[in-house]
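Here the structure of chain Z is known, so what remains is to put chains R and U in place on it, guided by the hints.
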Amino acid sequence: MKTIPFERGSRDKDPLLAQASRLPQDVAPPRDLWPAIAARLSDQARTTPRRFTWPMALAAGFLVASVSALLTWGLMREPGPVSGGTMLAGAAASQPMFVPVRYGPNSALGESHLKARDELLVQFRQRLDELPPETRETVVKNLAIIQRAASEIDAALAQDPASGMLNELLLSTYQEELQLYSKVVTAGDALMRRS
Amino acid sequence: MDSAGDEVERVARARSGDVSAFEGLYRDHVGRVYGLCLRMTGHAQTAEDLTQVTFVSAWRSLPGYEGRSRFSTWLHRIAVNAVLGQRRGPGGRDEISLTDEAGEQMDIAAEPEIERVTPIDLERAIAGLPAGARDILVLHGIYGYSHEEAAGMLGIAVGTCKAQLHRARHLLRVRLQMEEGT
Amino acid sequence: MNNRMLLVAATSLLAFAPQAQAAQNLSKRATVAADASVEVSNIEGRVSVTAWDRNEVELTAMLESDKDTLEFEATEQQVRVKVIRPKHDFRDSSDAILTLKVPQRARISAQTVSADVTVAGVKGEQRINTVSGEVHTQAYDEPVSLRTVSGDGTISGTGGKSAVSVTSVSGSTDVSGIRGGFDGQLVSGSLKIDVAAAERLSLKTISGDIDARAELAPAARVEMESVSGTIGLRIKAPVDAEFDIESFSGEIESCFGPKARDKNAYGPGSELQFKQGGGSARVRIQSMSGDISVCDH
Chain Z
1 MKTIPFERGS RDKDPLLAQA SRLPQDVAPP RDLWPAIAAR LSDQARTTPR
51 RFTWPMALAA GFLVASVSAL LTWGLMREPG PVSGGTMLAG AAASQPMFVP
101 VRYGPNSALG ESHLKARDEL LVQFRQRLDE LPPETRETVV KNLAIIQRAA
151 SEIDAALAQD PASGMLNELL LSTYQEELQL YSKVVTAGDA LMRRS
Chain R
1 MDSAGDEVER VARARSGDVS AFEGLYRDHV GRVYGLCLRM TGHAQTAEDL
51 TQVTFVSAWR SLPGYEGRSR FSTWLHRIAV NAVLGQRRGP GGRDEISLTD
101 EAGEQMDIAA EPEIERVTPI DLERAIAGLP AGARDILVLH GIYGYSHEEA
151 AGMLGIAVGT CKAQLHRARH LLRVRLQMEE GT
Chain U
1 MNNRMLLVAA TSLLAFAPQA QAAQNLSKRA TVAADASVEV SNIEGRVSVT
51 AWDRNEVELT AMLESDKDTL EFEATEQQVR VKVIRPKHDF RDSSDAILTL
101 KVPQRARISA QTVSADVTVA GVKGEQRINT VSGEVHTQAY DEPVSLRTVS
151 GDGTISGTGG KSAVSVTSVS GSTDVSGIRG GFDGQLVSGS LKIDVAAAER
201 LSLKTISGDI DARAELAPAA RVEMESVSGT IGLRIKAPVD AEFDIESFSG
251 EIESCFGPKA RDKNAYGPGS ELQFKQGGGS ARVRIQSMSG DISVCDH
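Chains as they are written, first to last, in this note's numbering: chain Z, 1 to 195; chain R, 1 to 182; chain U, 1 to 297.
Looking at chain Z on its own, in the form it has when it is part of the complex (with noise of 0.2 Å):
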């Protein structure tokens, strides 16, 4: 019962698109390229890429450091599409550190709207760290898709700004990244060792 099968085939359907997929993707120029490259092919160094070793002691701290990076960094990536978190998935073992999903330029939510998802993350952070590995890595790759979500409605925003549907799809989706922090904040509760 996952998804619904839509047919998506845009090209198919649109006789325009149909069209265009019908044009030669093969085009030859207008003469033959390959001297040219082949000369500059001779005066470029190939450079190949640098690879860090560090010793083992070190291994360790610097894992620990590069992971909470990359996770910080695949919260807080540009539009595109996301990694899918499996980058992320060895991250679970050590401490992460979570920033708040990031509103861009366009998106207008208040001071006081900001100011609650504070408070919340405070707690939330303290829960996540107790709960099992898989749920963490389900938070992280959950928290990328709302991310994601901000940033698609923010570029729809900068394009129409006076909108009322993109407003309250931003709304939502802020209520979603509440509402996950305020779950594993709740879901902390049965790990409770006092009742």
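These aren't lab readings, by the way, just hints derived from the structure by calculation. A quick note: this is a predicted structure, and the numbers were derived from the prediction, not measured. There may be inaccurate statements among the hints.
[Unchecked claim] Derived pair list, reagent style DSS-like, types lysine-lysine, alpha-carbon separation capped at 30 Å:
no.: 1; chain 1: Z; residue 1: LYS13; chain 2: U; residue 2: LYS275
no.: 2; chain 1: U; residue 1: LYS161; chain 2: U; residue 2: LYS192
no.: 3; chain 1: U; residue 1: LYS236; chain 2: Z; residue 2: LYS13
no.: 4; chain 1: U; residue 1: LYS263; chain 2: Z; residue 2: LYS13
no.: 5; chain 1: U; residue 1: LYS161; chain 2: Z; residue 2: LYS13
[Claimed, not checked] Sample of chain R residues at the chain U side, in silico, Cβ under 8 Å:
no.: 6; residue: THR46
no.: 7; residue: GLY155
no.: 8; residue: VAL158
no.: 9; residue: LYS162
no.: 10; residue: ALA163
For glycine and all other residues, C-beta sits at the position ideal for the given N, C-alpha and C.
Below, chains R and U without anything else, positioned relative to chain Z:
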């Protein structure tokens, strides 16, 4: 056309510095790379320059190609980056900003080399699109990349990608209908 | 494997079979009011609650780990059951199986981390919170609320009219046979819902897909919102509603009424506004990039 196995071998040899293997890859893929650059820029000369830049850049980046995506897709990514870099950077062929009747800024290539000759065909109509709309039409419409892939290559949100496609289709319909009447 | 290795393997197994020996079996009973509140908190394993016709709560508990303890407090109005684990070591996986019998009209509040929750025959109000447990329950005529992070859930209606609500981060939820009102909020989980005599339907998602079938009551209010998830709404014919559908960059399809049109010539966005039948119900659907499809059935 070589089989996939041959290409894998060629890539491996090119990675270890074999220039003639790389030439074989050039021969196989130059059409697609030039085709992409030509349609995204609308200038034959610029497209040639960018095709060269793409292959030189690919040669340098080969050690980082791990075969996770198809080689042609990887080349296209490099080509798109080259096109975008050229648009932004100094010394490139600048796109003149115009304002249309609705007060919206439209970016039109300075001198489209593909001249307006009636009857206007789809290629010419695409060449006349503003940059953002044109990029999506080329990547999604002609080269068949998904919204997600195209958005990733262009560094924009998927939603923006869809909106640009929508705009492109609308503008194309308008232009093609207008031309039919003449 | 030769015999000697088999022997070695068998003895190793015996040395490492602590759990069966350490299981605790407990049983508790309390007399309560017909509409007593029953609160259950568990970590891993299962919580099963069934209704019976006694004004009593009976608990049978099996704790696999000898380190877990069980708290049981009961007054006539309230019963509290809690499994306590001294250290949250998630590598050490031990279940606690809690089986409860409660009065039909008891009010249930269950909270688990990964323990599954099943509730059957209980007509009182239910609040179920879980992180990743699987939930199965039934709705009668009192409110049912399910809050989950990644657990899947099913809520089956039994013909009564109630207010059901689900908030899920990534779990998939299936709600069927309910009447009255439903409130759903998802991040990436999917939702399938079938509601009769819907008076109020509010469904919001970020990227999860929504598949909704509804029979709309007169003057029903339906609101559906998505960022990138797809929205599918099928309304039982004859459709009698006013539609206000808008999407920034998603496709809008409707199998009745007019076609969607662009909001304006050069900008993004398409919309579809029309009335079908008398238009007594109101349906409002909005999406950023998710596709929207509306049909009758």
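Hints and how they fare:
1. Z/LYS13 with U/LYS275: Roughly 27 Å separates the two Cα atoms, so the pair holds.
2. U/LYS161 with U/LYS192: Roughly 19 Å between the alpha carbons, so the hint for U/LYS161 and U/LYS192 holds.
3. U/LYS236 with Z/LYS13: The hint holds at about 28 Å.
4. U/LYS263 with Z/LYS13: It holds: about 21 Å lies between the C-alpha atoms, which stays within 30 Å.
5. U/LYS161 with Z/LYS13: The given pair, whose Cα atoms are some 43 Å apart, is violated under the 30 Å limit.
6. THR46: Violated - the Cβ of R/THR46 stays beyond 8 Å from chain U, reaching only about 27 Å at its closest.
7. GLY155: At 17 Å from the nearest chain U Cβ, R/GLY155 fails the 8 Å test, so the hint is violated.
8. VAL158: 6 Å, holds
9. LYS162: Hint holds; R/LYS162 Cβ to chain U Cβ min 4 Å, cut 8 Å.
10. ALA163: 4 Å, holds
Going down the numbered hints, you'll see the structure goes against 5, 6 and 7, while the others check out.
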